[in-house]
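Start from chain A and add chain B according to the hints.
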Amino acid sequence: MSGRGVVVSTPTDREIVMTRSFDAPPRLVFAAFTRPDLLPRWYGAQGWHLVSCDLDLRVGGAYRLVSEGPGGERMAQSGVYRAVEPHTRLVLTEIFDEQSYPGETVITHEFAGRAGRTDLTSTVRYATPEGRDRVLRYPMARGVGESFDRLDKLLTEGFKSDELDS
Amino acid sequence: MATDLLDATFSALADPTRRAILARLAAGEATVTELAAPFRMSQPAISKHLKVLERAGLVSRGRDAQRRPCRLEARPLKAAVDWLEAYRDYWEESYQRLDALLAELREAEE
Chain A
1 MSGRGVVVST
11 PTDREIVMTR
21 SFDAPPRLVF
31 AAFTRPDLLP
41 RWYGAQGWHL
51 VSCDLDLRVG
61 GAYRLVSEGP
71 GGERMAQSGV
81 YRAVEPHTRL
91 VLTEIFDEQS
101 YPGETVITHE
111 FAGRAGRTDL
121 TSTVRYATPE
131 GRDRVLRYPM
141 ARGVGESFDR
151 LDKLLTEGFK
161 SDELDS
Chain B
1 MATDLLDATF
11 SALADPTRRA
21 ILARLAAGEA
31 TVTELAAPFR
41 MSQPAISKHL
51 KVLERAGLVS
61 RGRDAQRRPC
71 RLEARPLKAA
81 VDWLEAYRDY
91 WEESYQRLDA
101 LLAELREAEE
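The listed protein sequences correspond, in order, to chains A and B. Going by the UniProt record's numbering, the first residue of the first sequence is number 1, and it counts up by one from there. Going by the UniProt record's numbering, the first residue of the second sequence is number 1, and it counts up by one from there.
Isolated chain A, as found in the complex (with noise of 0.2 Å):
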């Protein structure tokens, strides 16, 4: 699907991988992913915003952001950052506050400087194969299923004949 920036694949039962390529240097946008006045800025969507942003960036450090919906319902997820590497990579778990499916999210996110943009990596790891069932049943929280890289590869490339072999 060329012509939008996002690109989605689910290498493994578990995993969502996110890429995207931003005009800017890994400090700038490592900045808006990790700054409090930043985040706010961006975060969110289909009318969601962050309300409130407290974060502590060091490994060990706790997080939470609270969104704020287009019918003012409120929606809430913390963490702990396990990786902190300045304009390079960040690693964060992620767990909602009325989460329907079980454990921590881990997300890596890696910043690769290319000529002044930055390619963005964002690998989105739930606990259990199952929570991805749970997060198809709200697709605009957060997740997908694990075939969908079979689903976008069967649909944009068409039927091929060697599926029959495998």
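Just so you know, these hints were derived from the structure itself, not from any lab. Cβ coordinates follow ideal geometry from the N, Cα and C atoms, glycine included. Hints are not guaranteed to be accurate.
[What the hints assert, rightly or not] Label pairs and their in silico Cβ distance ranges:
| no. | chain 1 | residue 1 | chain 2 | residue 2 | range |
| --- | --- | --- | --- | --- | --- |
| 1 | B | Glu-92 | A | Pro-40 | 42 to 52 Å |
| 2 | B | Gln-43 | A | Arg-41 | 52 to 62 Å |
| 3 | B | Glu-92 | A | Ser-52 | 49 to 59 Å |
| 4 | B | Arg-63 | A | His-49 | 52 to 62 Å |
| 5 | B | Gln-66 | A | Ile-95 | 54 to 64 Å |
Frame of chain A; chain B shown alone:
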């Protein structure tokens, strides 16, 4: 579309044999015997996969009692693609705001 049906669509697509069956049906109707032919798999095993596809609404069976040919139903696939698009849009919308913010940060530095 109902989220349950969407779940069923994604689970049905998660299996390589079922995707292969859909691939075969994209070329036209086929009986269970015809579908089973290219696989190292028994007809009952293929029938099991067909049931999953039928439950997900991806395959329908003909009325002909003898043959009951299987047919690909494209509508749930369309719904799954729409969902996929919505997921992309979700992040893309957020990232476009980030684009604007980054442009602003860059200007501030210059």
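I want to verify a distance hint. Is the separation of the beta carbons of B/Gln-43 and A/Arg-41 within 52 to 62 Å? 59 Å, holds
CB of B/Glu-92 to CB of A/Ser-52, is that within 49 to 59 Å? 24 Å, violated
Assessment of proposed distance window 54 to 64 Å (beta carbons of B/Gln-66, A/Ile-95): 55 Å, holds
With respect to the beta-carbon atoms only, verify the hint that B/Glu-92 and A/Pro-40 lie 42 to 52 Å apart. With a Cβ separation near 19 Å, B/Glu-92 and A/Pro-40 fall outside 42 to 52 Å, so the hint is violated.
So does B/Arg-63 sit 52 to 62 Å from A/His-49, Cβ to Cβ? 53 Å, holds
Of the numbered hints listed earlier, those contradicted by the structure are 1, 3.
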